[in-house]
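A.B. asks: Could you slot chain B onto chain A? The hints should help.
The listed protein sequences derive, respectively, from chains A and B.
Residue 253 in full-length UniProt numbering is what sits at position 253 of the first sequence, and the numbering runs on without skipping anything.
Residue 156 in full-length UniProt numbering is what sits at position 156 of the second sequence, and the numbering runs on without skipping anything.
Calculated from the structure, these hints are not laboratory results.
We treat Cβ as the ideally placed atom computed from N, Cα and C, and that holds for glycine.
Hints may contain errors.
What the hints assert, rightly or not - DEER-style ranges, computed between Cβ atoms:
{"id": "1", "chain 1": "A", "residue 1": "51", "chain 2": "B", "residue 2": "324", "range": "35 to 41 Å"}
{"id": "2", "chain 1": "A", "residue 1": "81", "chain 2": "B", "residue 2": "51", "range": "44 to 50 Å"}
{"id": "3", "chain 1": "A", "residue 1": "212", "chain 2": "B", "residue 2": "314", "range": "47 to 53 Å"}
{"id": "4", "chain 1": "B", "residue 1": "195", "chain 2": "A", "residue 2": "43", "range": "53 to 59 Å"}
Stated by the list, open to error - If the Cβ cut is set under 8 Å, some of the chain A residues that face chain B in the computed set are:
{"id": "5", "residue": "1"}
{"id": "6", "residue": "16"}
{"id": "7", "residue": "128"}
{"id": "8", "residue": "130"}
{"id": "9", "residue": "147"}
{"id": "10", "residue": "295"}
{"id": "11", "residue": "301"}
{"id": "12", "residue": "331"}
{"id": "13", "residue": "334"}
{"id": "14", "residue": "335"}
{"id": "15", "residue": "338"}
Claimed, not checked - Every beta carbon over 10 Å from chain A, so not counted as near; a handful from chain B, in silico:
{"id": "16", "residue": "45"}
{"id": "17", "residue": "55"}
{"id": "18", "residue": "74"}
{"id": "19", "residue": "77"}
{"id": "20", "residue": "96"}
{"id": "21", "residue": "178"}
{"id": "22", "residue": "258"}
{"id": "23", "residue": "296"}
{"id": "24", "residue": "343"}
2 protein chains.
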Amino acid sequence: MIVGVVGGGQLARMMIPPAVALGVELRVLAESEGMSAALAATAVGDYRDAETVLAFAKDVDVVTFDHEHVPQDVLQQLVDAGVAVHPGPHALRFAQDKRQMRQRMAELGVAQPDWAPIDTADELQAFLDEHGGAAIVKTATGGYDGKGVRVVRGIDDVADWLQGAADGGPQLLAEELVAFRRELAQQVARRPSGEIVAWPLAQTVQRDGICAEVVVPAPHAGRMGAVAEDMAVRIAEGLDVTGALAVELFETEDGRLLVNELAMRPHNSGHWSIDGSITSQFEQHLRAVLDLPLGSSAMLAPAAVMINVIGGPAEGRMEARYAKALAAQPSAKVHSYSKTARPGRKVGHVTVVGDELDEVVYQARAAAATFE
Amino acid sequence: MIVGVVGGGQLARMMIPPAVALGVELRVLAESEGMSAALAATAVGDYRDAETVLAFAKDVDVVTFDHEHVPQDVLQQLVDAGVAVHPGPHALRFAQDKRQMRQRMAELGVAQPDWAPIDTADELQAFLDEHGGAAIVKTATGGYDGKGVRVVRGIDDVADWLQGAADGGPQLLAEELVAFRRELAQQVARRPSGEIVAWPLAQTVQRDGICAEVVVPAPHAGRMGAVAEDMAVRIAEGLDVTGALAVELFETEDGRLLVNELAMRPHNSGHWSIDGSITSQFEQHLRAVLDLPLGSSAMLAPAAVMINVIGGPAEGRMEARYAKALAAQPSAKVHSYSKTARPGRKVGHVTVVGDELDEVVYQARAAAATFE
Chain A
1 MIVGVVGGGQ
11 LARMMIPPAV
21 ALGVELRVLA
31 ESEGMSAALA
41 ATAVGDYRDA
51 ETVLAFAKDV
61 DVVTFDHEHV
71 PQDVLQQLVD
81 AGVAVHPGPH
91 ALRFAQDKRQ
101 MRQRMAELGV
111 AQPDWAPIDT
121 ADELQAFLDE
131 HGGAAIVKTA
141 TGGYDGKGVR
151 VVRGIDDVAD
161 WLQGAADGGP
171 QLLAEELVAF
181 RRELAQQVAR
191 RPSGEIVAWP
201 LAQTVQRDGI
211 CAEVVVPAPH
221 AGRMGAVAED
231 MAVRIAEGLD
241 VTGALAVELF
251 ETEDGRLLVN
261 ELAMRPHNSG
271 HWSIDGSITS
281 QFEQHLRAVL
291 DLPLGSSAML
301 APAAVMINVI
311 GGPAEGRMEA
321 RYAKALAAQP
331 SAKVHSYSKT
341 ARPGRKVGHV
351 TVVGDELDEV
361 VYQARAAAAT
371 FE
Chain B
1 MIVGVVGGGQ
11 LARMMIPPAV
21 ALGVELRVLA
31 ESEGMSAALA
41 ATAVGDYRDA
51 ETVLAFAKDV
61 DVVTFDHEHV
71 PQDVLQQLVD
81 AGVAVHPGPH
91 ALRFAQDKRQ
101 MRQRMAELGV
111 AQPDWAPIDT
121 ADELQAFLDE
131 HGGAAIVKTA
141 TGGYDGKGVR
151 VVRGIDDVAD
161 WLQGAADGGP
171 QLLAEELVAF
181 RRELAQQVAR
191 RPSGEIVAWP
201 LAQTVQRDGI
211 CAEVVVPAPH
221 AGRMGAVAED
231 MAVRIAEGLD
241 VTGALAVELF
251 ETEDGRLLVN
261 ELAMRPHNSG
271 HWSIDGSITS
281 QFEQHLRAVL
291 DLPLGSSAML
301 APAAVMINVI
311 GGPAEGRMEA
321 RYAKALAAQP
331 SAKVHSYSKT
341 ARPGRKVGHV
351 TVVGDELDEV
361 VYQARAAAAT
371 FE
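Looking at chain A on its own, in the form it has when it is part of the complex:
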């Protein structure tokens, strides 16, 4: 069993441990030498180049992804060459293009913020007028971790993007500025043959557009857990997603769940599952894309908290702080992505699982703080 992963970042890296456990051979096409998933890298090259990707995909049983940026024409050439690709291009396009995603959510009847495609300043002004003078404007493609997203109160705020779109750059869309109580994320994994498994609903806290902290299960979720699972299952089936799917959600102040974003890969909101679930999202993703039976998504403890290490220590590597961090928090599971510290960069994360949420949150925050 050979799984080819396009992209050598930390998501590919975190597929290595379950691949080792299951005896799956992992082959990574990395963007450059020395990337986070270097241990499993069998090729270095440009994922936008069809020839590079086709050569990499030779002899693998399935191709999957560390990110969603492989162009549609490259994906289609893989499919045309008879390579199993999961998720397939027909699903991935909804993770690559937010206008297509919003349109498809509307067709599926899944609750989401008011939105409109925006091609001109007039269209944006009309949307602002209808929504109290404020909106979120996004580039339809290319955004991640808060990039490609702006809060807008007048067309001048995105004059550059409007001009860019007119000049053939990324298309734009506007979304209502949702008054939300908190953000949540629902993860599922789905096999090509249809089996689907959901993890408990996660509560996520974003800072500066980057996932900072995840608590599972989301406290005081009540029936929302079932509603979120139902939404994610409908999306996974409606879009024919294979592998891991994360549905980022807003919980509105009046208690509704609205779809914010989709990710068709292991997702930051699911890193807790490495240490907190019988089957981690990374193992489940491998099983799903190989069309193997999925594992139990039950939690190993009543509460799990994951904190990202963003930026990292002045010494340049998380490892420099291990003597202090590991001594202070012997229950913390520390994950380093073998990246050099840089402001705003995700260089690792810490997870703690246990019986008492308060205690778990304290330990996880204390351990993660050691690395700042």
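C.D. replies: For chain B alone, coordinates are given in the frame of chain A:
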């Protein structure tokens, strides 16, 4: 942080996942190409050749082991060259030579079976006469997985070994045939700076001299848990063991604990900890040999059961049975060592953790049986 592991078997393989999580660079000196730990192999060569091992050890922070067979003179050359070696040769010799081990246990006052070094047939006959006509005879060096061990009722049963010893082959020792109720194993890990952590006592079942099944915590252990931990701590400190130490124990019919064997490395009786403990024996071993603070050894559930897959399926690889095994037991954690099936060979293991021992045992046995 770079850890060099001599030996490319499944124990080295199972160090890869925690090394990836912690950002530790693992370098393996494998005996040949395509071994179980091939993913981390940076060199292939003979661990009995000092030049090979010294070249491998260049630039690593510490050398540790997949097995205990590296000759003392090679180990000593590493130490003389300034390489950190954990466990060190002064400790490892007690895992390499059962006569030295028995002598040292006696000096430490640790309970063990009656025993005697055997150099001649007369000495063996005297030991048999003193012990009801039966004994266990072992080669002091070179034995593993039931090899180098015989039940003996007369000197003719080991005439070949006696001749071998006289001709300069492995030395021999005799041990009383212990009437035991069951076998147990106590694992600890110890840092060079002295910190030591113990896991719960494990109950082990051997078949044909090979570890077949492990239940943790050992049922109905009562005070034996504390006694076993005390023994293992005294041994680890008395022998200055660094890294993982497993103490195999007999529980006698009259309720005493006697030391059977020692292993100074991650041990089959601790594989359950990958899925059942906050810190696995493999992560703990890496932390210990790097002299990093040790992690919590608390269990993630009240019961854990590990079953070895011995031999493996007729199709040659465990993976051939995944569709059936994973579907039937979604909570089972299946570990493949990427080895081809062969009678008597450990090719993988299955662990299940949960609240109810009966249920956990059933699931683990059912999953493991799929691979036979």
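A.B. asks: Check each numbered hint from earlier against the structure, then list the numbers of those it violates in ascending order.
C.D. replies: Numbers 4, 7, 8, 9 and 23, in rising order.
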